[in-house]
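For reference, each letter of the sequence shown is one residue, going 71 to 396 in the numbering used here.
Think of the hints as simulated: they come from the structure by calculation, not from any bench.
Please note: incorrect hints may appear among the correct ones.
[Said to hold, decoys possible] Computed beta-carbon distance windows for the label pairs:
| # | residue 1 | residue 2 | range |
| --- | --- | --- | --- |
| 1 | Glu333 | Pro158 | 30 to 36 Å |
| 2 | Tyr259 | Leu281 | 34 to 40 Å |
| 3 | His335 | Thr386 | 19 to 25 Å |
| 4 | Ser301 | His145 | 23 to 29 Å |
| 5 | Gly179 | Ser107 | 44 to 50 Å |
| 6 | Gly146 | Gly110 | 39 to 45 Å |
| 7 | Leu281 | His145 | 23 to 29 Å |
| 8 | Glu156 | Tyr259 | 35 to 41 Å |
| 9 | Ala284 | Asn255 | 38 to 44 Å |
[Said to hold, decoys possible] The list that follows gives simulated cross-link-like pairs (lysine-lysine, DSSO-like), each with its CA atoms no further than 30 Å apart:
| # | residue 1 | residue 2 |
| --- | --- | --- |
| 10 | Lys392 | Lys354 |
| 11 | Lys392 | Lys319 |
| 12 | Lys74 | Lys154 |
| 13 | Lys72 | Lys392 |
| 14 | Lys319 | Lys223 |
| 15 | Lys351 | Lys223 |
| 16 | Lys337 | Lys260 |
| 17 | Lys354 | Lys260 |
| 18 | Lys74 | Lys319 |
| 19 | Lys392 | Lys337 |
| 20 | Lys351 | Lys260 |
| 21 | Lys351 | Lys319 |
| 22 | Lys72 | Lys149 |
| 23 | Lys260 | Lys223 |
Glycine is no exception: its CB is placed at the ideal position from the N, C-alpha and C atoms.
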Amino acid sequence: MKIKVGIVGGAGYTAGELLRILLHHEYAELVAVVSSSNAGNPVYQVHDDLVGETDLVFASELAGDEDVVFLCLGHGNSKAWLEKYELPETTAVIDLSNDFRLEADADFGGREFVYGLPELNRSRIQQAQSIANPGCFATTIQLALLPLAQAGKLTEDVHVSAITGSTGAGQSLSETVHFSWRTNNVSIYKPFTHQHLGEIGESLAQLQPQLNSAMHFIPYRGNFSRGIFASVYTPSDLTQDEARELYQKFYAEAPFTTVSDQEIHLKQVVNTNKCLLHVQKFGKQLLITSVIDNLVKGASGQAVQNMNLLFGLPETTGLGLKAGLF
71 MKIKVGIVGG AGYTAGELLR ILLHHEYAEL VAVVSSSNAG NPVYQVHDDL
121 VGETDLVFAS ELAGDEDVVF LCLGHGNSKA WLEKYELPET TAVIDLSNDF
171 RLEADADFGG REFVYGLPEL NRSRIQQAQS IANPGCFATT IQLALLPLAQ
221 AGKLTEDVHV SAITGSTGAG QSLSETVHFS WRTNNVSIYK PFTHQHLGEI
271 GESLAQLQPQ LNSAMHFIPY RGNFSRGIFA SVYTPSDLTQ DEARELYQKF
321 YAEAPFTTVS DQEIHLKQVV NTNKCLLHVQ KFGKQLLITS VIDNLVKGAS
371 GQAVQNMNLL FGLPETTGLG LKAGLF
């Protein structure tokens with residue numbers, strides 16, 4: 071049987087990624103792609119890489135018989151949409167905004183949103199009906215730290231320096247996404263105050279309840295379109311070999327997260343649902359580098375991974391994507 075899928079907010083980057091993945095997902099049937107500003111227009115006129123791939127037309131509303139609805143709306147807009155449009159209790163919701171990621175926001179309108187990081191909450195996701203898809207920076211950083219938290223090894227402050235591509239800012243125009251500003255340029259934004267720190271802290275505390283280490287996070291805007299490269303370091307009493315063994319054991323059953331024995335780079339993961347990790351020891355500092363594609367593992371690919379878990383499919387279904395290395 072096919073899973074009937076609806077997408078709300080169908081004109082943005084994350085919706086475009088969902089369409090590219092789901093059009094080739096053997097168990098998914100796209101029944102509605104909602105965009106209030108594009109209703110009646112062919113989907114390929116907005117997502118023009120889909121010319122020849124689909125004859126779907128943007129709709130003004132859902133079909134009404136969806137098994138799952140992906141909300142690809144701006145932060146703060148998913149709550150407003152769910153308040154305005156009542157979905158059947160049997161319809162699963164996967165939200166890609168930050169509206170329901172924190173524990174304080176997880177219960178909404180009779181739905182309980184489970185935090186959708188499969189490497190942390192796989193069994194809870196399989197039993198859920200509503201999913202709060204993690205943020206892109208949050209995914210990158212959490213995957214770099216979860217094994218240490220589970221082992222109770224986060225005992226000192228954690229320092230994070232991470233750079234993201236321009237698609238992380240979404241499709242709306244602003245000064246810092248203009249080509250003339252972004253190209254040949256790097257800048258920081260929201261130092262020490264990034265909104266993803268909340269969800270990262272809650273996930274780490276889930277594994278290490280007595281956690282009291284501070285996290286010092288400096289996010290950078292990069293002069294490329296997609297991907298996140300994070301350098302995460304903290305003092306540790308583990309040797310390099312002990313740390314690598316810890317990480318390999320933790321992710322042994324995680325099909326998309328790989329601990330590499332070689333240094334990693336961004337092109338290895340762009341256009342894929344992979345996270346690559348590399349662990350090194352320098353003196354007392356344990357350095358974990360972590361790379362993902364912010365639109366795939368950091369958003370739409372992870373959302374499909376969560377859909378697969380919700381509907382009892384192998385979580386890799388439809389996600390055998392290839393990196394563009396050259």
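To see whether the hints hold, each was checked on the structure:
Evaluation of the 30 to 36 Å hint for Glu333 and Pro158 yields a failure: the beta carbon distance comes to about 49 Å. Hint check: Tyr259 to Leu281, Cβ distance near 26 Å, so the stated range 34 to 40 Å is violated. Range check, His335 to Thr386: about 23 Å between beta-carbon atoms, so the 19 to 25 Å window is met. Taking the beta carbon of each, Ser301 and His145 are about 26 Å apart, inside 23 to 29 Å as hinted.
The given range of 44 to 50 Å is broken by Gly179 and Ser107, whose C-beta atoms sit roughly 25 Å from each other. About 27 Å separates the C-beta atoms of Gly146 and Gly110, a value inconsistent with the hinted range of 39 to 45 Å. For Leu281 paired with His145, a C-beta distance near 26 Å keeps the hint of 23 to 29 Å intact. About 37 Å separates the C-beta atoms of Glu156 and Tyr259, a value consistent with the hinted range of 35 to 41 Å.
With their beta carbons about 30 Å apart, Ala284 and Asn255 fall outside the hinted range of 38 to 44 Å. Using a Cα cut-off of 30 Å, the hinted pair Lys392 and Lys354 is violated, with the two alpha carbons roughly 37 Å apart. Using a Cα cut-off of 30 Å, the hinted pair Lys392 and Lys319 holds, with the two alpha carbons roughly 25 Å apart. For a cut-off of 30 Å, the pair hint linking Lys74 to Lys154 stands: about 22 Å separates their Cα positions.
At roughly 24 Å between alpha-carbon atoms, Lys72 and Lys392 fall within 30 Å of each other, so this suggested pair holds. With a CA separation close to 15 Å, the supplied pair Lys319 and Lys223 stays within the 30 Å bound. Taking the CA atoms of Lys351 and Lys223, the gap is about 14 Å. The hint holds against a cut of 30 Å. For the proposed pair Lys337 and Lys260, the alpha carbon gap of about 26 Å is at most 30 Å, so the pair holds.
For the hint pairing Lys354 with Lys260, the CA-to-CA distance comes to about 28 Å; that is within 30 Å, so the pair holds. For the hint linking Lys74 to Lys319, the alpha-carbon distance of about 36 Å lies beyond 30 Å, and the restraint is violated. Proposed proximity of Lys392 and Lys337 is supported: the alpha carbons are some 11 Å apart, at most 30 Å. Note on Lys351 and Lys260: the hinted pairing holds, with a Cα-Cα distance of about 28 Å set against a maximum of 30 Å.
Distance hint between Lys351 and Lys319 is fulfilled; the C-alpha atoms sit about 18 Å from each other, no more than 30 Å. Simply put, Lys72 and Lys149 have alpha-carbon atoms about 28 Å apart, close enough for the 30 Å limit, and the pair holds. This hinted pair checks out: Lys260 and Lys223 have alpha carbons roughly 27 Å apart, not beyond 30 Å.
When each numbered hint is compared with the structure, violations occur for hints 1, 2, 5, 6, 9, 10, 18.
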